[in-house]
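The residues making up each chain are set out below.
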Amino acid sequence: MAHSLPFQSLTQVADQLAAGQVSSVELTQAVIDQTQAVEDRVNAFISTDSVDALAQAAAADQRRAVGELLGPLDGVPIALKDVIAVRDQPLTAGSKMLEKFVSPYDATVTTKLKDAGAVLWGRANCDEFAMGSSTENSAFKTTANPYDLSRVPGGSSGGSAAALAAGEAIATLGSDTGGSIRQPAAFCNVVGLKPTYGLISRYGLAAYASSLDQIGSFTRTVEDAAIMLGAIAGHDDRDSTSFKTPIPDYRAALAEKKGPWKLGIPKEYFGEGLDPEVGAAVEKAIAFYREQGCEIKEVSLPHTEYCLSTYYIIATAEASSNLARYDGVRYTHRSADAKTVEDVYFKSRAEGFGAEVKRRIILGTYVLSSGYYDAYYLRAQKVRTLIRQDFLNAYQKVDAVLTPTTPTPAFKIGETADPLAMYLQDIYTVSVNLAGLPGISIPAGFSEAGLPIGLQLIGQPYQEADLLAIANTYDSTHDWNSRLPEL
Amino acid sequence: MFHIMGYSLPATHYSLLQKMNYEAVIGLEVHVQVKTASKIFTRVGQGYGFDENTLTDPVVLALPGALPVMNKAALDAIIKAGLMLDCEIAEVCKWDRKNYFYPDSTKNYQISQFDQPICNGGYVEIELPGEARNIMGEHKKIPLTRIHLEEDVGKLNHGTNESLVDYNRAGTPLMEIVSDPALQSAEEAYAYLTTLRTTMVYAGISDCDMEKGQMRCDANISIRPVGQEELGVKVELKNLNSISYVRDGINHEIKRQMSVLKKGGIIVQETRDFDGITGTSQSLRTKEDAHDYRYFPDPDLMPVRVDREWKERIAAECPERPFDKQRRFMEEYDLPYTITSVLVPDRDLSDWFEAVVAIAGKAQAQAVGNWIANDLLRELSAAQIELADSKLMPAHLAELVGLIKAGTITKQIAREVFAETFGSGETPTAVVERKGLKDDTNSYELEQWCRDAIAGNEKAREQFLAGKDGAINALKGPVMKASRGKANPKLVDETLRRLLAE
Chain A
1 MAHSLPFQSL
11 TQVADQLAAG
21 QVSSVELTQA
31 VIDQTQAVED
41 RVNAFISTDS
51 VDALAQAAAA
61 DQRRAVGELL
71 GPLDGVPIAL
81 KDVIAVRDQP
91 LTAGSKMLEK
101 FVSPYDATVT
111 TKLKDAGAVL
121 WGRANCDEFA
131 MGSSTENSAF
141 KTTANPYDLS
151 RVPGGSSGGS
161 AAALAAGEAI
171 ATLGSDTGGS
181 IRQPAAFCNV
191 VGLKPTYGLI
201 SRYGLAAYAS
211 SLDQIGSFTR
221 TVEDAAIMLG
231 AIAGHDDRDS
241 TSFKTPIPDY
251 RAALAEKKGP
261 WKLGIPKEYF
271 GEGLDPEVGA
281 AVEKAIAFYR
291 EQGCEIKEVS
301 LPHTEYCLST
311 YYIIATAEAS
321 SNLARYDGVR
331 YTHRSADAKT
341 VEDVYFKSRA
351 EGFGAEVKRR
361 IILGTYVLSS
371 GYYDAYYLRA
381 QKVRTLIRQD
391 FLNAYQKVDA
401 VLTPTTPTPA
411 FKIGETADPL
421 AMYLQDIYTV
431 SVNLAGLPGI
441 SIPAGFSEAG
451 LPIGLQLIGQ
461 PYQEADLLAI
471 ANTYDSTHDW
481 NSRLPEL
Chain R
1 MFHIMGYSLP
11 ATHYSLLQKM
21 NYEAVIGLEV
31 HVQVKTASKI
41 FTRVGQGYGF
51 DENTLTDPVV
61 LALPGALPVM
71 NKAALDAIIK
81 AGLMLDCEIA
91 EVCKWDRKNY
101 FYPDSTKNYQ
111 ISQFDQPICN
121 GGYVEIELPG
131 EARNIMGEHK
141 KIPLTRIHLE
151 EDVGKLNHGT
161 NESLVDYNRA
171 GTPLMEIVSD
181 PALQSAEEAY
191 AYLTTLRTTM
201 VYAGISDCDM
211 EKGQMRCDAN
221 ISIRPVGQEE
231 LGVKVELKNL
241 NSISYVRDGI
251 NHEIKRQMSV
261 LKKGGIIVQE
271 TRDFDGITGT
281 SQSLRTKEDA
291 HDYRYFPDPD
301 LMPVRVDREW
311 KERIAAECPE
321 RPFDKQRRFM
331 EEYDLPYTIT
341 SVLVPDRDLS
351 DWFEAVVAIA
361 GKAQAQAVGN
371 WIANDLLREL
381 SAAQIELADS
391 KLMPAHLAEL
401 VGLIKAGTIT
411 KQIAREVFAE
421 TFGSGETPTA
431 VVERKGLKDD
441 TNSYELEQWC
451 RDAIAGNEKA
461 REQFLAGKDG
471 AINALKGPVM
481 KASRGKANPK
491 LVDETLRRLL
501 AE
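Chains A and R supply the protein sequences, listed in that same order.
Numbering-wise (my numbering), the first sequence opens with residue 1 and increments by one.
Numbering-wise (my numbering), the second sequence opens with residue 1 and increments by one.
Heads up, some of the hints might be wrong.
[Said to hold, decoys possible] Pairs of lysine to aspartate or glutamate residues, derived as EDC-like cross-links and limited to a Cα-Cα distance of at most 16 Å, are as follows:
| hint | chain 1 | residue 1 | chain 2 | residue 2 |
| --- | --- | --- | --- | --- |
| 1 | A | Lys-339 | R | Glu-420 |
| 2 | A | Lys-347 | A | Asp-337 |
| 3 | R | Lys-72 | A | Asp-237 |
| 4 | A | Lys-284 | A | Asp-418 |
| 5 | R | Lys-155 | R | Asp-166 |
| 6 | A | Lys-258 | A | Asp-237 |
[Said to hold, decoys possible] To give a feel for the contact side, a few chain A residues facing chain R, derived at Cβ under 10 Å:
| hint | residue |
| --- | --- |
| 7 | Phe-101 |
| 8 | Ala-206 |
| 9 | Ile-314 |
| 10 | Val-329 |
| 11 | His-333 |
| 12 | Ser-335 |
| 13 | Ala-336 |
| 14 | Asp-337 |
| 15 | Ser-482 |
| 16 | Leu-484 |
| 17 | Leu-487 |
Keep in mind the hints are simulated off the structure, nothing from the lab.
Remember, predicted model here, so these are calculated numbers, not experimental data.
Glycine included, every Cβ here is placed at the ideal spot set by N, Cα and C.
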């Protein structure tokens, strides 16, 4: 039985739109209705603009009427994490600092989605400035996991994952600095793709940690992820770190690339701290790939134990500098008590930033300060090179690396108050950002308590076509995504 | 506009230093805005005198998500500057963030180059004042530490109860040229800045207008007993916003430091603000207030690799260095120092000179130089126009000099022709034809005028024949008058002598 419109895949709705079986206005209205029905419990969005969305949908229907359809995204409601700029729409980054900010310009991915005809709908909640693993650090609301409203959806792109899982969009965009797409995807039973650093322009993405941030998608299937990636990937001359590389037809590659693959299992990712139910689900997936004729090899990523500390030095150092622009002088929150320029800085930032953001700014400021730079930042950069080398060594033997996405399924809201315990959420995901590699989390089952479990596949730089094909081998033959949340 | 190289300056503080057997050591940090069409890390235009906050965009305003992208033209310019000053151009340079909070910066960090600047070493050749204006002074090479590229900041306008900020200037490409502590006097600093400015203007890198902030200078000044290796405690002098203020500020600071020592005090490492109008300085901050800038490589920008082809392309665009040109002008054209020191500091003027000589021939170079240094500059100044706007073309002056050489017109007539051509653009030959200014040297008229002159001044004739050669001059006046100035003085002289000898 087919799901109702808001729960269908991008591929499914695109086919129906193209065939004229449904209009974009109908589809968008169905998504808006679903949002209105569940949003008071899910809290996936910081803001929505249904008038604007329906106007975009009507424009898509007009294009269809004259046979000028722009492609599979034309007329499809897609929500963006509230760190991606959309012209004339609010951009809060989950922060009180930007509570009243409206972006005067489009991010490059926004432009690309608009050019593809997508109906941009909803500003998805997130941890403040993408710092967190639960969305509890949002200044505005905590998003609930649609599969268990007492639990977190993960983070920092928790709103994007939850919105998709709850039928509040057909696909969403997030950003991933240390796991912020893959971890919430695992928690919410959706596909989360973090592409290779440099494949997607960061222009218009409010920066957390520039050398790690990457925009990616949440979708219901790997095939949908291939469609989204094709729409947003590519060099951008507004982003010096975006890479000039040909963009293949990722969707076509799914059918062309059949394997069998050589998959590496890093022993360091299956040790202490891994929840047995998550471990069992991943073992099952490994068994599946073996049955498909894939060669499963144990690989070693010896610098894994340094990943978290390396990540928290580099990410916070960059963040301390990136967030300096939110100073109370121009477009941000400004303290009403500010009388001097120092007041403007100190009071505005004290009032505008939340605790986790402050913690990371302080940590980052410390590791960059005179006398500590060599011991922390410089050393972390060297370790980062070693971490990348670990993966490149592994790729001499295997096509991709397979791991759990997270150590555990979704945890309870308010349960993880200790920041260090929260940082451990990223233990299987940060290495991918440090190494600049593409990583994808796909649904791989449920715990006995009914909580989704994610499987992570890590690919080679700019080889998303291979990675998606490997992921699709599993995803297209399993139907975990058909198990919808009971809302 | 035409500054004279080696302009003589007072040297008031020397006596005091010498009396105490101390010497000054000065290093300069000069910021020069690079004249590119757009800002250093974004596409918005740059310039001076626009309405406040109109040269802005998401990058300049540091909106969430904005990213810098390097403007290659700014790198071209600094490579050019480095080649002009004989620097070593780094094969790889990178961008660093200099973190500090100030409202003139939108990101609260400045993109700069910390430990891998694009230019290392090099020197600025300076000329010290000569003994007299017409004597070339001593030349010295002041070694450079480095030149790096960074972004300029915005401008704060302080009112009584509020401060406003204009971000038009923010993101203008800015070179920082750092000298070694190798200058010994305010005069050397003055000469250093003069050369830098001439060189930058020559290469089209910057207009270096200090009033517009296109060139800004900070000076690090210390004093030490003569013979001591170690440098004294340095004081940084800021806000030296004219070349004269640099000279005055340094002289003031050396005197201040000497008097501190004389009173038995200690010189404190600090930054001082010099007021050029009152000639006083006050402390801005001491070493304890120094920032920790937390430099780190900017993750938004890739390192820059400068390959040989790039360097060679820029080298081909580099003009001759001004002092090299001056030496060449003196040798190749046998020009006197005074003329070269008028022509060379202005690249357009010296190019114009060479354009004329190329037509008129090297034998005419001195005459051409004189015409430019005297007549052309005077006419330009009187007309209040730039050379580029003048109707006088190099071919005109070459033609005019040719007419004099051929004896077609006299120098006196030539002045009149020059003025005509300068005003109208009519060729000198055409002016001569139209106004009938041609010298009819062999005409019966000239001989007749000479005979009349001799007949009309018996006394002069007698004196001349008695051996007083100068008496002939009294006869020339009436001849020139009769010819309305057209007669060739040399021929007049010859004719008179021939007739007097009859």
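Do the hints match the structure? See the list:
Using a Cα cut-off of 16 Å, the hinted pair A:Lys-339 and R:Glu-420 is violated, with the two alpha carbons roughly 67 Å apart. This hinted pair checks out: A:Lys-347 and A:Asp-337 have alpha carbons roughly 7 Å apart, not beyond 16 Å. Among the hinted pairs, R:Lys-72 with A:Asp-237 is consistent with the structure: their alpha-carbon atoms are about 13 Å apart, no more than 16 Å. Under the criterion of a C-alpha separation no larger than 16 Å, the hint pairing A:Lys-284 with A:Asp-418 is inconsistent with the structure, at around 32 Å.
With a CA separation close to 5 Å, the supplied pair R:Lys-155 and R:Asp-166 stays within the 16 Å bound. Between A:Lys-258 and A:Asp-237 the CA atoms are separated by roughly 34 Å; this puts the pair beyond 16 Å, and the hint is violated. Against a cut-off of 10 Å between C-beta atoms, the interface hint on A:Phe-101 holds, since the closest Cβ of chain R lies about 7 Å away. Of the supplied interface hints, the one on A:Ala-206 holds, with its beta-carbon coming within about 4 Å of a beta-carbon of chain R, less than 10 Å.
Proximity of A:Ile-314 to chain R holds as hinted, the smallest CB-CB distance being about 9 Å (cut-off 10 Å). With a cut of 10 Å, the hint placing A:Val-329 at the interface with chain R holds, because the nearest CB-to-CB distance is about 5 Å. The restraint placing A:His-333 at the interface with chain R is violated, with a minimum CB-CB distance near 13 Å, outside the 10 Å limit. Given the 10 Å rule on beta carbons, the hint for A:Ser-335 is violated: about 15 Å separates it from the nearest Cβ of chain R.
With a least beta-carbon distance of about 16 Å to chain R, the hint placing A:Ala-336 at the interface is violated under the 10 Å criterion. At a threshold of 10 Å, the smallest CB-CB gap from A:Asp-337 to chain R is about 16 Å, leaving the interface hint violated. Annotation: A:Ser-482 was flagged as interfacial toward chain R, and the flag is violated, the nearest CB pair being 36 Å apart, outside 10 Å. Taken as an interface hint, A:Leu-484 does not check out: its beta carbon lies about 34 Å from the nearest beta carbon of chain R, beyond 10 Å.
With 10 Å as the threshold, the beta carbon of A:Leu-487 stays out of range of chain R, its nearest partner Cβ sitting at about 32 Å, so the hint is violated.
Of the numbered hints listed earlier, those contradicted by the structure are 1, 4, 6, 11, 12, 13, 14, 15, 16, 17.
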